[in-house]
Amino acid sequence: MAKITYIEHDGTEHVIDVKNGLSVMEGAVKNNIPGIDADCGGACACATCHVYVDDAWKSKTGEKSAMEESMLDFAENVEENSRLSCQIKVSDAVDGLIVRMPESQH
Amino acid sequence: MSAAAHIVILGAGHAGGTAAALLRQYGHEGPITLIGDEPIPPYQRPPLSKAWLKGEADADSLALKPLEFYAEHNIDFRPSTTAVSLNRGAKTVALSDGSDVAYDALIIATGARAIALPIPGADLTGVMFLRTAADAEQLKATVGPGKTLAVVGGGYIGLEVAASGRALGAEVVVLERETRLLARVACETLSTFFKAYHEQHGVTFELGASVTGFVGENGRVTGVTLADGRTIACDAAVVGVGAAPNDEIARDAGLETARGVVVDIEARTSDPAIYAIGDVAHRPMPIYDRMFRMESVPNALEGAKQAASAIVGRPAPAGEVPWQWSDQYDLKLQIAGYAFDVDEILVRGDPASGKFAVFHLRGDLVQSVEAINSPPEFMMGKQLIGNRKPVSKQRLADPSISMKEVAA
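So the protein lines, in turn, are chains U and W. Once you know that position 26 of the first sequence is 26 in this note's numbering, the rest is easy, because the numbers rise by one and skip nothing. Once you know that position 30 of the second sequence is 136 in this note's numbering, the rest is easy, because the numbers rise by one and skip nothing.
In short, the hints are calculated from the structure, not lab data. Backbone N, C-alpha and C define an ideal beta-carbon position, used for all residues, glycine too. Among the hints, a few may not be true.
Said to hold, decoys possible - Here are some chain U residues pointing at chain W (derived, C-beta under 7 Å): (1) E8; (2) N32; (3) G41; (4) W57; (5) G62; (6) A66; (7) M71.
Said to hold, decoys possible - Okay, derived cross-link-like pairs now, PhoX-like style, lysine-lysine, Cα gap no bigger than 25 Å in a straight line: (8) U:K30 with W:K160; (9) W:K156 with W:K301; (10) U:K30 with U:K58; (11) U:K30 with W:K156; (12) U:K64 with W:K510.
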């Protein structure tokens, strides 16, 4: 279990306990948190679960795969700390993780 | 629609389930009733022919939301229930459990059903479809090492089942009526590529094969018979020859229908209190200047957004570029748009490398793109379809020029 803070673009915060093994995207979607669309359900096919990972957590959320890198390269408003949240697995190591959402996923 | 309005959603698939969740996300406070014919809450269907079939996803991960979500958000989810008839005058729906439910707004999200082959033996045990979690459960219990799976239909579902069947260790033979795979949905380059790729992974194909029936022993399928007299032995068969919209309830109630329930850009039917979304909707697609019916998750999500927005009085979502995806072996196929009014097909990259994209053009406008292991071509192609920006065909055909430069 990890406590994850999802912050919407307008600043609204949601603190959720997410089960290990789920992705950060699934933690948001299953709790009906707005701002992460995840159209493809986690297949790394759509880039609509884009989040910004707080700097302190960058090393703990793992490396981007070539596919993720490539999809992100064409998403909107991408920053150096952009990730696709379907590709970040939840474990004790990310307990306390903070992710922020872009203005839009489309 | 007032905040206290009762919204009834017929169909608890990807479209219906998403509409219920979005109505709450968008602040609707009135009662929501979600009626589904399956025993479980809304779930993702795409993994059924992919990750789930291979054991890489479980029932919990397929669910759109956990079961508690519906009660917690005051959504009256009624499983194993179907709508029998719709009374538009009284604004009520008669349900299969004998009750009536009254609505202020109704969303028809009844989806589509797999088309059955009207041939002898189609009712034998082991002749299956792949539409629902129960179908997938049955298929998974049947296929494995030492078994032969016959797949009737060489479309995307058939090919995904073939790939998963191989991953589970079964022998797989695909029977296709047309002379090439994906005949209705993709161009020849893609057909040829997928056939070769599946053959490399041990799948056998019978193209131009007209299936005349299934034969069995003790009520269980043992083979598929073909018009040329041959019988292909199998332990199980999956029929994937397309789907038909479940639009009878709308038709019977006098709503306008075509190839599905006709809706406007806000998903509203010819009755202003009734919406139709997902596989059952025949909807306008302005970038192609026509109306059609689509079967895809992005289409289900878009319809859910349109209907939920219209009901709560939010601005309509910005128009989308339709897209879909398919996973087979280590191939990721991403498709954007539909190949309407196309006068040229252009291949970017070398199919032999397993990484290429097929662009369908109308003049110098991109109408659709099919990208194999090529996210830049998909993402940029999707943008070009949406913004209708002309491209140089010469540059598009040259993989040494990046997609960003092509679109610049």
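Outcome of the hint check:
The interface hint given for U:E8 is broken, as the beta carbon of that residue sits about 11 Å from the closest beta carbon of chain W, more than 7 Å. Restraint check, U:N32 versus chain W: the minimum CB separation of about 5 Å is within 7 Å; hint holds. The restraint placing U:G41 at the interface with chain W holds, with a minimum CB-CB distance near 5 Å, inside the 7 Å limit. Look at U:W57: its Cβ only gets to about 23 Å from chain W, farther than 7 Å, so that hint breaks.
Interface restraint check: U:G62 against chain W, minimum CB-CB distance 18 Å, threshold 7 Å, status violated. Because the beta carbon of U:A66 sits about 9 Å from the nearest beta carbon in chain W, more than 7 Å, this interface hint is broken. Because the smallest distance between the Cβ of U:M71 and any Cβ of chain W comes to about 5 Å, under 7 Å, the interface hint for this residue holds. Between U:K30 and W:K160, the direct Cα distance comes to roughly 23 Å. Compliance with the 25 Å bound is thereby established for this hinted pair.
A distance of roughly 18 Å separates the Cα atoms of W:K156 and W:K301; the hinted pair therefore holds under the 25 Å criterion. Distance restraint check for U:K30 and U:K58: the Cα-Cα separation of roughly 24 Å lies within the 25 Å cut-off, and the hinted pair is therefore satisfied. Proposed proximity of U:K30 and W:K156 is supported: the alpha carbons are some 21 Å apart, at most 25 Å. Of the supplied pair hints, the one linking U:K64 and W:K510 holds, its CA atoms being roughly 21 Å apart against a limit of 25 Å.
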